[in-house]
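Protein chains in written order, with the working numbering: chain P, 55 to 420; chain Y, 55 to 420; chain A, 55 to 420; chain F, 55 to 420.
By construction, these hints were calculated from the structure, which means they are not laboratory data. Incorrect hints may have been included.
Stretch by stretch, here's where chain Y covers chain F in the computed footprint (C-beta under 8 Å, at least three residues) [what the hints assert, rightly or not]:
(1) 81-90
(2) 140-146
(3) 242-250
(4) 312-325
Capping the alpha-carbon separation at 20 Å, the derived lysine to any residue pairs in SDA-like fashion look like this [unchecked claim]:
(5) F:K257 / A:V376
(6) A:K327 / F:K381
(7) P:K203 / P:R161
(8) P:K257 / Y:D370
(9) P:K381 / P:P127
(10) P:K203 / P:D253
(11) Y:K381 / P:T148
(12) P:K327 / Y:D172
(13) P:K327 / Y:G416
(14) Y:K327 / P:K257
(15) P:K327 / P:A309
(16) Y:K381 / Y:D100
(17) P:K327 / Y:G176
(18) Y:K381 / P:K381
(19) F:K203 / F:A275
(20) A:K203 / A:S56
(21) F:K257 / F:K381
(22) F:K327 / A:R161
(23) F:K203 / Y:G176
(24) P:K327 / Y:Q367
(25) A:K203 / Y:G416
(26) F:K381 / F:R226
(27) A:K257 / A:A230
(28) A:K381 / F:G176
(29) A:K257 / F:K257
(30) Y:K327 / P:R89
(31) A:K257 / A:V376
(32) P:K203 / P:T130
(33) A:K327 / F:D370
(34) Y:K203 / Y:Q367
(35) A:K327 / F:S314
(36) A:K327 / F:G328
(37) P:K203 / P:K327
(38) F:K327 / A:K203
(39) A:K381 / A:G176
(40) F:K327 / A:S72
The beta carbon of each residue, even a glycine, is placed where N, CA and C say it ideally should be.
There are 4 protein chains.
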Amino acid sequence: MSHNSFGHLFRVTTWGESHGPAIGCTIDGTPPNVRFTLAEIQAELDRRRPGQSRYTTQRQEADAVRVLSGVMPGETEGEYISTGTPIALQIENTDQRSKDYSDIARRYRPGHADVTYDVKYGIRDYRGGGRSSARETAMRVAAGAIARKVVPGLVVRGALVAIGDIWIDRARWDWAETSNNPFFCPDAETAIRWAEYLDGVRKRGSSVGAVVEIVADGVPAGLGAPIYGKLDADIAGGLMSINAVKGVEIGDGFAAAALSGEDNADEMRPGEKGRPDYLSNHAGGILGGISTGQPVVARFAVKPTSSILTPRQSVDADGNAVDVMTKGRHDPCVGIRAVPVGEAMVACVIADHYLRDRGQVGVARV
Amino acid sequence: MSHNSFGHLFRVTTWGESHGPAIGCTIDGTPPNVRFTLAEIQAELDRRRPGQSRYTTQRQEADAVRVLSGVMPGETEGEYISTGTPIALQIENTDQRSKDYSDIARRYRPGHADVTYDVKYGIRDYRGGGRSSARETAMRVAAGAIARKVVPGLVVRGALVAIGDIWIDRARWDWAETSNNPFFCPDAETAIRWAEYLDGVRKRGSSVGAVVEIVADGVPAGLGAPIYGKLDADIAGGLMSINAVKGVEIGDGFAAAALSGEDNADEMRPGEKGRPDYLSNHAGGILGGISTGQPVVARFAVKPTSSILTPRQSVDADGNAVDVMTKGRHDPCVGIRAVPVGEAMVACVIADHYLRDRGQVGVARV
Amino acid sequence: MSHNSFGHLFRVTTWGESHGPAIGCTIDGTPPNVRFTLAEIQAELDRRRPGQSRYTTQRQEADAVRVLSGVMPGETEGEYISTGTPIALQIENTDQRSKDYSDIARRYRPGHADVTYDVKYGIRDYRGGGRSSARETAMRVAAGAIARKVVPGLVVRGALVAIGDIWIDRARWDWAETSNNPFFCPDAETAIRWAEYLDGVRKRGSSVGAVVEIVADGVPAGLGAPIYGKLDADIAGGLMSINAVKGVEIGDGFAAAALSGEDNADEMRPGEKGRPDYLSNHAGGILGGISTGQPVVARFAVKPTSSILTPRQSVDADGNAVDVMTKGRHDPCVGIRAVPVGEAMVACVIADHYLRDRGQVGVARV
Amino acid sequence: MSHNSFGHLFRVTTWGESHGPAIGCTIDGTPPNVRFTLAEIQAELDRRRPGQSRYTTQRQEADAVRVLSGVMPGETEGEYISTGTPIALQIENTDQRSKDYSDIARRYRPGHADVTYDVKYGIRDYRGGGRSSARETAMRVAAGAIARKVVPGLVVRGALVAIGDIWIDRARWDWAETSNNPFFCPDAETAIRWAEYLDGVRKRGSSVGAVVEIVADGVPAGLGAPIYGKLDADIAGGLMSINAVKGVEIGDGFAAAALSGEDNADEMRPGEKGRPDYLSNHAGGILGGISTGQPVVARFAVKPTSSILTPRQSVDADGNAVDVMTKGRHDPCVGIRAVPVGEAMVACVIADHYLRDRGQVGVARV
């Protein structure tokens, strides 16, 4: 992936810092005549938006997105039709508190990019995390909303499957539950446990990690490519590029390492239209880097944010020993808001591969 | 990543099928005046080469690499000096047994790319796995041998840390041991257990997965880039592109999800040359996508190969139900040979980011 | 080049239509700590801005550019310092006259992209030319203003050398004259002839083509690359991407085809610092795709705009025969405003190659 | 374009030096099930091959190409069917005379890349021009042979239209003549004049430039893209990347600069299938960067080679003044062999845009 861009035919470039005037993205390569509404983009953004519960940062941004190019108005209010030219999306930054950043400017927060940005560039926009702020992920979500429209029949959903070491019970998985609790939890009972657990984390100013699972249904068989353009390789790169992500799995992932070949094989029986029916999906819908037509399943691990109330040892930009403690608003579990971001990344990667496959092979995928 | 290429400034393109006349790669962007010997490339290839123990496939290939372009002869026998133009490497395929492939041509092996290649392309080189064969990874290893020379001081090593559910004991980790057993195992005692265990797996014609860990020492601080060009995102994509890999972790990886922010923070104290000393390395040497100067640590999970002696249910190209059993040579644990491949991918990604960083920022990294 | 992006390490992506809310660009890869002022960007934009004389379109836009990301404030008012993250630039569209476009929407102007956009995409923003409007070139100029800062000592200047078949007299070439007339003409006497000539063209509602010459001084020797990444190949692609450009030359260009090898050779004598002094510059500062250290010289031909008052035969979107005549504001010679655009493209290409060379070779160029 | 690669979806990477063991290329992205024969590639190579007349260099190479990957055998002898994986092509270098290169190694030939390669890389394969030798263009021609198969109905032809200042008479243009003379001249009478003229040039050890014209018929309307991915921009970059090319034109090219808008407009009348009939083709088949469906017409100027028998002033690698005279085989007019090379580049660019258009827009072009 390039510095601030990803994708080949469906290519997303983002820009903007946490406390600059705005953030934005350009989506190049959207097919013409794709219809979408501002409300659809906004709905995805609202799912990611912080400040919606006591479990995410209290920053309050309307996150109102504008579509600045690449569209013609559709027939109904708020509908757009893509023209095939670049779609520019933009969100004003409205909640940049005019606080004094001189403290954070010179003191490196452990576990944050403060120190590495300074080492690399010798200069850094330290206000609110600058470019490394999770605020950038809003543009991924906006781009993902359009990506979802590019592949007919594609449905990408995400759920939180673990907070700390509390995992959901897969037997109780119900997608509908993910919108009934502030955690995108598909298991109503676990959501209750998490609420209690996270209240404790939040009250002691601590933080905790999480695991997110993304499932893409309706992915046509045949997307992806040998050898480096594998669908799973691009998904892995895309998910690992999300802030605080430290691990990515496809299908059974690390658990597959402990399986035997007999148990891991996804057997096949003759199915409809000459396509095989798979009897299991250990592979997560991808074989040899190419989609099988089954659901594409990916998981990623989000580390606990280092923005905590307990002082940690650090250094400042002058090389002095300092103690750093994060004040102000923060997320006790940044993994929660990563759910719609992960969905968006998977949607964008699939849209890109959908176009790439159509370019090379040129057949209609079903 | 592109279909058969990866990297931006250090860009590797591979080609070739398992049973074609040869396999090869082109490395574009190597700096001029990089010195390397044929023996150094060959030594890396020999580590990956199958047929070296009863635990890997018995295919016997000399894997003798030729350097066809991009170099001038050095002062000593077998030494090359890069000229800055593309380096083409090539290995003849010498052990393509002239067997009858009509069986495998039409019957899809479960867990293999047979079916997805056919669905995607409508045509496939089925001989020995064709393009999806692990044979392609020889060229990754060859390219990695040159990548190692691009970054002064870079040392990339790998080890197998789990076979099936038998994990090494990290307290016994000794890099020297990795060349004392056929498993790249850094723990001599576990290597003995693995030998016994894998003998059983092999005798019953089964297979098992594994976990590989790669550690890169000597990575200068400052490599990587926001937001999509993160060093860890490119490592994740690169490792996930290796055959049979289903999961990738950086640093603590999935385990980080269960940590608190206090435990996960890598605290800092003033170090030499104005750079911080880190008191731990949960992050795996990467913060915000940029290297810290600590060792870069990545792990990946390799699934058990589906090439097993137990018949599995499948379909053929005509949509008929068939049973498929793999005959002939195969690896009971393909994860073993993935160790040098993983090293090579990490070396290539770091070399690419080394050049990219130098391009944008233009300072000498230490 | 990608659809709406160009460059590898200094990468520019533009977006926006003539009559949308705004146009903009993202510049990814600018080195950190590059200093520039808003006034410097604005000054370049003002040179390109229409409506400054009776020889260019009377559209009146302030073309006030905003810097939305990628910078920290400098010490002086209006100064920015790049941080190494993407720089987003944006200009509001303020002079979109709310006229009725239903006529132009369906009738294809000969020589314009109306018909090809419709054939390709099946939909088109027809208002003011949409994406194919020359308005997009404002963002090239803005990006070029920053590119000029990336390469120390680089000076890129342009001049109009022909309007119609009236060529300047090179013996009278004076760069200072280019800012004394509305044509960027380096020859004061020819400027007077052009004024008279263009008045006639304008009065009869006609248009005429032009030839632009760009000279880049201070280009370090060693930029460019074999074989497809040649500096001249990228300049040619970049200049040909400017609206209405139909030809590109480097150095002697097409005239070189009529020379003998003796006359075309740029002989060398020993120069300072071990570098050769060249006795001529037929090659335009580039040999084998790599800069020699001499001035880089490029020329491009701009066709006459088809927006003229004389009716021309055409068809409409329903396939009917129609006559089309352009009403309203237009440029009698679009080549004039192409001068700063050509400068910007050359500056961007050189900046990109400067970073690419530094990445691969890693030495300081002088 | 990247250093040694071009194209996005139909991507060609070449490698090899004039006097190394071989040259080769990898073509990534060819659609599956494209049929071609070795004879078809060889026929194109034979057109480019030197030593076929006294007007081109007397180097004698069989230039026998091998197909090493990416194909399955077709039904007939020598037929291949692409599988969608990378196609590797390779030609052994068989006529590397074992001469003493110590002279040329240190003395820079004026007008050649000797000096710039040395300045850039500090090392250079000087044997026979190394990477900058025209020998590399054989791989372009080979790749072009496959590109021609990718776009149904595409016919790309080239002709030499000027040698020195002797231009053909377009009224006598006959494509069939281009294979009746050693110059690819479409005008039999001019071919006779050229023969006499070139004999003189050759005898006095001089050289002369030329102009090549490429015409692509059967290009579907709708290929290309705004703004930087214009079809003509990519053709310009591709042609300018050919050795010794100094100028590129599309359609009327530089002559368009002298036309009025009235004369330059390609008027339209209703045609078949709802598509316009164009009454002229000043634009060379491309409007706004997108193909109109008319023939795509490009021209390029090739400078005279500096390899001449007359001594020219130069310097050596130590900075001493020397006189350089080219001994041995050379082309009096390198523009002749550039004809099939130019065809190949245009074919590759069109194939790439054909796939890119199909990726984004997804309709069958006619």
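Outcome of the hint check:
1. 81-90: holds (count 4)
2. 140-146: Three-residue rule met by the stretch 140-146 of chain F, so holds; n is 3.
3. 242-250: violated (count 0)
4. 312-325: violated (count 0)
5. F:K257 / A:V376: violated, 59 Å
6. A:K327 / F:K381: Violated, because 30 Å separates the two Cα atoms, which is more than 20 Å.
7. P:K203 / P:R161: violated, 44 Å
8. P:K257 / Y:D370: Given pair K257 of chain P, D370 of chain Y is violated - Cα atoms ~59 Å apart, limit 20 Å.
9. P:K381 / P:P127: violated, 45 Å
10. P:K203 / P:D253: violated, 37 Å
11. Y:K381 / P:T148: Answer violated: K381 of chain Y to T148 of chain P is near 65 Å, above 20 Å.
12. P:K327 / Y:D172: Cα-Cα ~14 Å, so holds.
13. P:K327 / Y:G416: violated, 57 Å
14. Y:K327 / P:K257: violated, 39 Å
15. P:K327 / P:A309: violated, 33 Å
16. Y:K381 / Y:D100: The hint is violated at about 25 Å.
17. P:K327 / Y:G176: Roughly 15 Å separates the two Cα atoms, so the pair holds.
18. Y:K381 / P:K381: violated, 63 Å
19. F:K203 / F:A275: Holds. K203 of chain F to A275 of chain F sits at ~18 Å (cutoff 20 Å).
20. A:K203 / A:S56: violated, 24 Å
21. F:K257 / F:K381: holds, 14 Å
22. F:K327 / A:R161: holds, 17 Å
23. F:K203 / Y:G176: Status holds; Cα separation ~18 Å.
24. P:K327 / Y:Q367: holds, 19 Å
25. A:K203 / Y:G416: The given pair, whose Cα atoms are some 15 Å apart, holds under the 20 Å limit.
26. F:K381 / F:R226: It is violated: about 38 Å lies between the C-alpha atoms, which goes past 20 Å.
27. A:K257 / A:A230: Distance of about 29 Å is beyond 20 Å: violated.
28. A:K381 / F:G176: With a Cα-Cα distance of about 59 Å, the restraint between K381 of chain A and G176 of chain F is violated, given a limit of 20 Å.
29. A:K257 / F:K257: violated, 56 Å
30. Y:K327 / P:R89: violated, 56 Å
31. A:K257 / A:V376: Violated: K257 of chain A and V376 of chain A sit about 25 Å apart, past 20 Å.
32. P:K203 / P:T130: holds, 17 Å
33. A:K327 / F:D370: Holds, at about 14 Å.
34. Y:K203 / Y:Q367: Roughly 47 Å separates the two Cα atoms, so the pair is violated.
35. A:K327 / F:S314: violated, 50 Å
36. A:K327 / F:G328: violated, 66 Å
37. P:K203 / P:K327: violated, 25 Å
38. F:K327 / A:K203: The given pair, whose Cα atoms are some 52 Å apart, is violated under the 20 Å limit.
39. A:K381 / A:G176: Answer violated: K381 of chain A to G176 of chain A is near 25 Å, above 20 Å.
40. F:K327 / A:S72: violated, 31 Å
Taken one by one, the earlier hints fail for this structure at numbers 3, 4, 5, 6, 7, 8, 9, 10, 11, 13, 14, 15, 16, 18, 20, 26, 27, 28, 29, 30, 31, 34, 35, 36, 37, 38, 39 and 40, listed in ascending order.
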